[in-house]
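*Asks:* Residues per chain are reported as follows:
Protein chains: 2
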Amino acid sequence: MNHKTKHSLSQRWLIPVCASLALHGLAQAETPAQANADQPSSQWMTGFPPAPERIIRNSDADFFAGEKLRWTVCHMQELLPTKILHRGLKPAVNLDYQLDADLASVSFTPTGTQDSMTWEQAFTVNKTDGVIVLHKGKIVYERYDGCLDEQGLHASMSMTKSLIGLLAETLIAEGQLDENALAGDLVPELKGSAFGSATVRQIMNMTTSLKYSEDYSDPEADVWKYSQAASSMPKPGDYKGPRSYFEYLQTVQAEGEHGKAFAYKTINTDTLGWIISRNTGKSVTELLSERIWQPIGAEQSANFTIDSIGTPFAGGGLSAGLRDLARIGQLMLNDGKLNGEQIVPAAAIKNIRRGGDPKLFTKAGYSSMPNGSYQSMWWHFHNANQAYAARGVHGQTIYIDPSAEMVIVRFASHPQAANAGSDPTSLPAYQAVADYLMK
Amino acid sequence: MNHKTKHSLSQRWLIPVCASLALHGLAQAETPAQANADQPSSQWMTGFPPAPERIIRNSDADFFAGEKLRWTVCHMQELLPTKILHRGLKPAVNLDYQLDADLASVSFTPTGTQDSMTWEQAFTVNKTDGVIVLHKGKIVYERYDGCLDEQGLHASMSMTKSLIGLLAETLIAEGQLDENALAGDLVPELKGSAFGSATVRQIMNMTTSLKYSEDYSDPEADVWKYSQAASSMPKPGDYKGPRSYFEYLQTVQAEGEHGKAFAYKTINTDTLGWIISRNTGKSVTELLSERIWQPIGAEQSANFTIDSIGTPFAGGGLSAGLRDLARIGQLMLNDGKLNGEQIVPAAAIKNIRRGGDPKLFTKAGYSSMPNGSYQSMWWHFHNANQAYAARGVHGQTIYIDPSAEMVIVRFASHPQAANAGSDPTSLPAYQAVADYLMK
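Going down the list, the sequences are from chains A and B. Using our numbering, you'd call the opening residue of the first sequence number -13 and step up by one each time. Using our numbering, you'd call the opening residue of the second sequence number -13 and step up by one each time.
These are calculated hints, taken from the structure and not from any lab test. Treat the hints with care, as some may be off.
If several chains are the same, the list does not tell them apart, and a pair holds so long as it fits within one copy or across any two.
The calculated lysine to aspartate or glutamate pairs, modelled on DMTMM-like cross-linking and capped at a C-alpha distance of 25 Å, are [stated by the list, open to error]:
1) K221 to D82
2) K221 to D46
3) K425 to D201
4) K268 to E39
5) K221 to D201
6) K268 to D131
7) K197 to E327
8) K177 to E243
9) K76 to D135
10) K76 to D321
11) K268 to E136
12) K197 to D208
13) K177 to E39
Fair warning: this is a prediction, and the values are worked out from it, not measured in the lab.
If we strip away everything but chain A, and leave its shape as in the complex, we get (with noise of 0.2 Å):
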């Protein structure tokens, strides 16, 4: 991350917001460290103390960049404060094992290239910290890497906001919200801002029109201001901005007309976060425990990075752990149901399935999903299996394939922000280990 040159050391208490940035999904300047990526996480803040080169703080400007990212992903309670998910006090339920040793050799051929290689190979190439493969509902693929093992935590990063949606549409199946109300008149604080003219929908579809620049190189870009905002560190007694994700989100103004493209924008979730815990009364981290986490029967509690006035950030907050987020991927794949029980409400589901609009989605370029479209905060190939994602910035996704009743996660920590960089060696991969299951 190098904005280093933007800040002077007395600015120091800005730098954590470093990780609410990376969470967002944006790009990030590459930086010499990265050249190291392939550093052992096993070798930062190890031994007592740690050797000083091997330390990282949250004051340290690149803790969220290059090689240090590789430990950063499964440590964010380490580094900032955090809300609990509580997964309850029940036993987990229990994820059936068929382990397919044949899966390691699939092979597949990366985008832009003609050369082979393995969905081991791919493991590695991509920084992967952990992978799990469901197929029928049972675990036939597992392995750990790098920070994570099976009772960690990790980074979801915008992987987040797909929960997000998921909890919207609940609301709105179950009629306790109105995808066509206005934000403004859901929370009256949001009728000056760009939002209070936008539906539930265009929030949730991020086809709202705002005046929000994630320009990096800017100083004055509003992503810096929304970083500021959004932290939960002690401000310098001359702050005089916005102390918390919601003053921030009044203050968004439009540029243009609502419902016209789709433009990635974390600040949508934020808000979308806002609108549900207006109507439920309740954070999202509560209301995932209660609608997720709990009838699951998840093996953790999760947690999500909060501001300083304790918001959850519904844009990229959650750790959480590998089996937790299949359970999840298996809850989608079937319709709501999990172990025999409708746990969300399969019109829930199927309004996530359907996919949004290809034609908004065209617009916002992005080179690896040509056909795509972004519906409640999930990404669809519309591919021939009707394959959606979750996915989050570097590497991160929960990725469902219903024709081949197969649900893949995957934690990463590839030194690329955008999954432009893992996507090649990704996306190919999960068709081919689709294709193997299907045979």
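Fit chain B to the known structure of chain A by using the hints.
*Replies:* Structure of chain B alone, referenced to chain A:
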């Protein structure tokens, strides 16, 4: 906490360490806010956003004092970076219930008064957030209030020390750690400090002689420097002092001969934590997970606050679930066995249970423990029942009464930090319940 006057607004980065200070078990000046300590904790931080006057931020000087304390004790993870203490992934080991409805009306006479009070009345008077009574291993009483419920975590304050003491006794019983070894031989970095010439046993029993002032009225007191070193918040650019527990501990100088008197100083426990981690190659969170939380079948993962290099605050950083501390109390009562399994060596518990030297303790002058002693970071009453306890500021306790086969765990947010505030309405209550159960 009334030190706003000492720090300018530009030094706000310091303020979050107040939490560490209070956790140390250090006395704390009463503030006017404490007059309102009856404020229900449920009114803090509720709503989206909460009303401005109901927000608690980590930058608030008083977040660990007065009525705010009643919320803060359950939400350390939302205010500061923390390190998880994993419960593991297995189902929790059940605790059986045999509730006794009559226990609530057991009465006792608070110390220094003539009027009797019931157990139920004392619950409220002591600002109890949660209390559980085990008799012969079964839950006979359990109640929650304030910010706590059965799936919540609560700051354990200096009870943390007793668990570190238990770890040290375990390593000693296993022959892995020599109680007569000098800390300077075990951790060479400590050679130039007061700890260098202290034995492990002297550190465990806090009979070290340390030049270390905890006088809050003195802006130059060592405790402020310790707090600066311990803070996990980014430090100002001009900060030149120690940046971790380990760096600070090396600077502590001696003030006389070790072994002559008990003097309660938290830095002993952080030194013991360092010795344990150097000895085992594991953080105290990892070790508590492996040695205690996982084997006892804890139902919740816990966490520790940490310094800026991830070192858990051995002296007071634990937040845990009420029933999990009850399981640990029962483990102590059962000489290290739980559900028929020897989890901790019996010799370790025996070493703790024999108590310390009351002669060394007397000089410290604890009014509510006139015949007490301190052994392996556990407090001994040397009463007829040979009761002993883990104790933390604001009313935290694990009270173990071997004669009555009783364990009481209490989490509280009593406005007075020193336990002298709640001991008069607590210690006689514990004895009365013991008498009742032994009938």
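*Asks:* Confirm or reject each hint.
*Replies:* Hint-by-hint comparison with the structure:
{"no.": "1", "hint": "K221 to D82", "in the structure": "neither (48 Å within a copy, 48 Å between copies)"}
{"no.": "2", "hint": "K221 to D46", "in the structure": "both (17 Å within a copy, 11 Å between copies)"}
{"no.": "3", "hint": "K425 to D201", "in the structure": "neither (46 Å within a copy, 74 Å between copies)"}
{"no.": "4", "hint": "K268 to E39", "in the structure": "between (42 Å within a copy, 20 Å between copies)"}
{"no.": "5", "hint": "K221 to D201", "in the structure": "within (23 Å within a copy, 28 Å between copies)"}
{"no.": "6", "hint": "K268 to D131", "in the structure": "between (35 Å within a copy, 20 Å between copies)"}
{"no.": "7", "hint": "K197 to E327", "in the structure": "neither (43 Å within a copy, 63 Å between copies)"}
{"no.": "8", "hint": "K177 to E243", "in the structure": "within (16 Å within a copy, 69 Å between copies)"}
{"no.": "9", "hint": "K76 to D135", "in the structure": "both (22 Å within a copy, 15 Å between copies)"}
{"no.": "10", "hint": "K76 to D321", "in the structure": "within (24 Å within a copy, 28 Å between copies)"}
{"no.": "11", "hint": "K268 to E136", "in the structure": "between (29 Å within a copy, 19 Å between copies)"}
{"no.": "12", "hint": "K197 to D208", "in the structure": "within (9 Å within a copy, 51 Å between copies)"}
{"no.": "13", "hint": "K177 to E39", "in the structure": "between (49 Å within a copy, 24 Å between copies)"}
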